[in-house]
Every structure is written in structure tokens, then in C-alpha cells.
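Between the sequences and the hints, there should be enough to build the whole structure, so can you do that?
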Amino acid sequence: MKLGGFGQIGDYQNIGEAGYDFVELDMPEIEGLEEKEFETLREVIDSCGFPVLTGARLFPIAEPLFFTNEFEPEEWFPYLRKVCERASKLGIKKIILGNGKARSLDAKDDRERINGFIEFLRSIADIAAEHGQELILEPLGPKYSNYIQTIPEAVDVIKLVNRPNIFTMADLRHMLGAGEAFENIVDYLSYIHHIHVDYPKSYPERKYPSLADDYNYDEFISILEKSGYNDTLTIEADVPNDWKAAYQQILPIFEEIIGE
1 MKLGGFGQIG DYQNIGEAGY DFVELDMPEI EGLEEKEFET LREVIDSCGF
51 PVLTGARLFP IAEPLFFTNE FEPEEWFPYL RKVCERASKL GIKKIILGNG
101 KARSLDAKDD RERINGFIEF LRSIADIAAE HGQELILEPL GPKYSNYIQT
151 IPEAVDVIKL VNRPNIFTMA DLRHMLGAGE AFENIVDYLS YIHHIHVDYP
201 KSYPERKYPS LADDYNYDEF ISILEKSGYN DTLTIEADVP NDWKAAYQQI
251 LPIFEEIIGE
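In terms of the working numbering, the sequence shown opens at residue 1 and continues consecutively.
I should point out that these hints are in silico values taken from the structure, not numbers from a laboratory.
Since this is a predicted model, take the numbers as computed values, not measurements.
Glycine residues also receive a C-beta, built at the ideal position from the N, C-alpha and C atoms.
Warning: the hint list may mix true and false statements.
In the SDA-like style, the derived pairs of lysine to any residue whose C-alpha atoms are separated by at most 20 Å in a straight line are [said to hold, decoys possible]:
#: 1; residue 1: Lys-2; residue 2: Gly-49
#: 2; residue 1: Lys-89; residue 2: Cys-48
#: 3; residue 1: Lys-36; residue 2: Arg-86
#: 4; residue 1: Lys-101; residue 2: Glu-119
#: 5; residue 1: Lys-201; residue 2: Tyr-217
#: 6; residue 1: Lys-93; residue 2: Cys-48
#: 7; residue 1: Lys-201; residue 2: Lys-159
#: 8; residue 1: Lys-201; residue 2: Phe-182
#: 9; residue 1: Lys-244; residue 2: Glu-255
#: 10; residue 1: Lys-207; residue 2: Gln-8
#: 11; residue 1: Lys-207; residue 2: Lys-244
#: 12; residue 1: Lys-143; residue 2: Cys-48
#: 13; residue 1: Lys-93; residue 2: Gly-132
#: 14; residue 1: Lys-159; residue 2: Leu-189
#: 15; residue 1: Lys-36; residue 2: Asp-11
#: 16; residue 1: Lys-2; residue 2: Gly-179
#: 17; residue 1: Lys-226; residue 2: Ser-202
#: 18; residue 1: Lys-143; residue 2: Lys-89
#: 19; residue 1: Lys-143; residue 2: Asp-110
#: 20; residue 1: Lys-201; residue 2: Lys-226
Derived DEER-like restraints, expressed as beta-carbon distance ranges [claimed, not checked]:
#: 21; residue 1: Glu-256; residue 2: Ala-107; range: 41 to 51 Å
#: 22; residue 1: Glu-112; residue 2: Ile-61; range: 38 to 48 Å
#: 23; residue 1: Pro-252; residue 2: Glu-75; range: 39 to 49 Å
#: 24; residue 1: Asp-187; residue 2: Gly-49; range: 36 to 46 Å
#: 25; residue 1: Phe-77; residue 2: Asn-115; range: 11 to 21 Å
#: 26; residue 1: Arg-42; residue 2: Ser-210; range: 32 to 42 Å
#: 27; residue 1: Glu-205; residue 2: Pro-252; range: 33 to 43 Å
#: 28; residue 1: Glu-205; residue 2: Asn-146; range: 20 to 30 Å
#: 29; residue 1: Gly-19; residue 2: Ser-47; range: 32 to 42 Å
#: 30; residue 1: Glu-256; residue 2: Arg-42; range: 21 to 31 Å
#: 31; residue 1: Gly-32; residue 2: Glu-219; range: 36 to 46 Å
#: 32; residue 1: Asn-115; residue 2: Ile-61; range: 18 to 28 Å
#: 33; residue 1: Thr-40; residue 2: Leu-189; range: 31 to 41 Å
#: 34; residue 1: Gln-13; residue 2: Glu-72; range: 12 to 22 Å
What follows is the structure in C-alpha cells.
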């Protein structure tokens, strides 16, 4: 299994030097770079050799949008083409659609627009496919969204989208928040192409996991072992003051499954 660290562009080298197998970066930050800044980032990544395999937070949206009257999917296609092209040039293979507020259902008739959202997901998946990428639909717990909260709910949507490059993921925080059984990772393994972990009991802070936490990670780790999952896992937590110390802190938790 590959163990990744999440951060901003400015954290890239620190994440790689800390010992992680890969880096997860913020997609809107990548899209917002000036062309010269982007080329500099690309050169740094090529030079350092620390792979950037995943991109988080696909859209720069922090309010309800996808189910509103104001939403025009076509207006987002230029953004998607640009960010997916740039991500591809950096080596990003998986783009993650979280954006819980953007996909929240706020009005009584919002569910009548779900077919439009499914069609939008098809368009995202098609654009990602043009750049050799997977679209990862992230289930989000009730503190973050009221739509697509569990792995089975994500799989139901994926089946409707019906594209070969759309998958889902498991996030420890959101599984706990939604009261979701960890066994779903085993049952839906073929749909799960990424994992997020942090200390799941804090909010809105996302702290780095530690053996000293008042949460026992053993059950989650055991389920990952049982499932045979052997892909990417990112520590998606707040940026630590010391990347190397944070990496050493998490190793005892994941030592049974990393490097497999």
C-alpha cells in the first residue's frame, strides 16, 4: 500500500522528504496558478521525483451549487479541462470529488435535479478519462454533506453514471460520522480506489493520528487487511508544524499494511 501526505503546494517537498510514498495536493490551488508558476511546480516535481498521485477538492466551491437553479454545468467545463490537464502533467491519476456543501440538498425539490447531477458526473468522468484519470466520488458524513454519505450510496450513484473510470473511497472520519460499518470496505472493495485517514473525532480540526489518541485504529486497519486493499491511502489532516515528526507519529498505526 502507498502512504501519502496531503498538503498545499508549498508543502510538497516537505511531504516527500518526510518519507511518504506520494503527495496529495489541492486541485483548485493547482488550477489557480499562473502559467509560469505552474511550470515551476512541474519542474520541481520532475526534479524531486516525489510522485503526486491524487488531487483533492476538485472544485473551488464552498456553498450549495449543484442542485440550485443557478447551476449551469457547461460553465464549469473549461475549469475541468484545465485542472485535469494540469493534474495529468503533474502525474495525478485520481481526482477526488468531495465538495460536500456544493452537492448538498437544501430545498424540497432538489432531488428532482439528481438526474442532472448524474449527467454532470458523466461529463466530469469523461474529461478525466481524456487525461487518463479516475474520478473518485467521496462519501461524506452528515457534518459535511447530506447527499452521498456512505460507500453503498456512492456505489449506487456510480452505477447510474455508468463510466469505467469512476470509483469511490473510504474515509475513516466520514464512515464514523455516518455510522457506516467498516465491513463495507470488504463488500465494496472493487469500487474503492482510495482511502483517507485522520484522527476522526475532532471537528472541524483534522489532527494527525497517534497511538495516544482516544480512538483505537486497530479495527479500521484490520478491515483494510481483511479486504486486501492495496492502493493509495492519504493522511488527510491539517498541515503539521513538523512533517517528519508527523510521519514518524503515524508509522506505528500503519506499519502492518504499508509497503505491501
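Practice task
Determine which of the earlier numbered hints do not hold for this structure and return their numbers in increasing order.
Solution key: 7, 12, 16, 17, 18, 20, 22, 27, 29, 30 and 34
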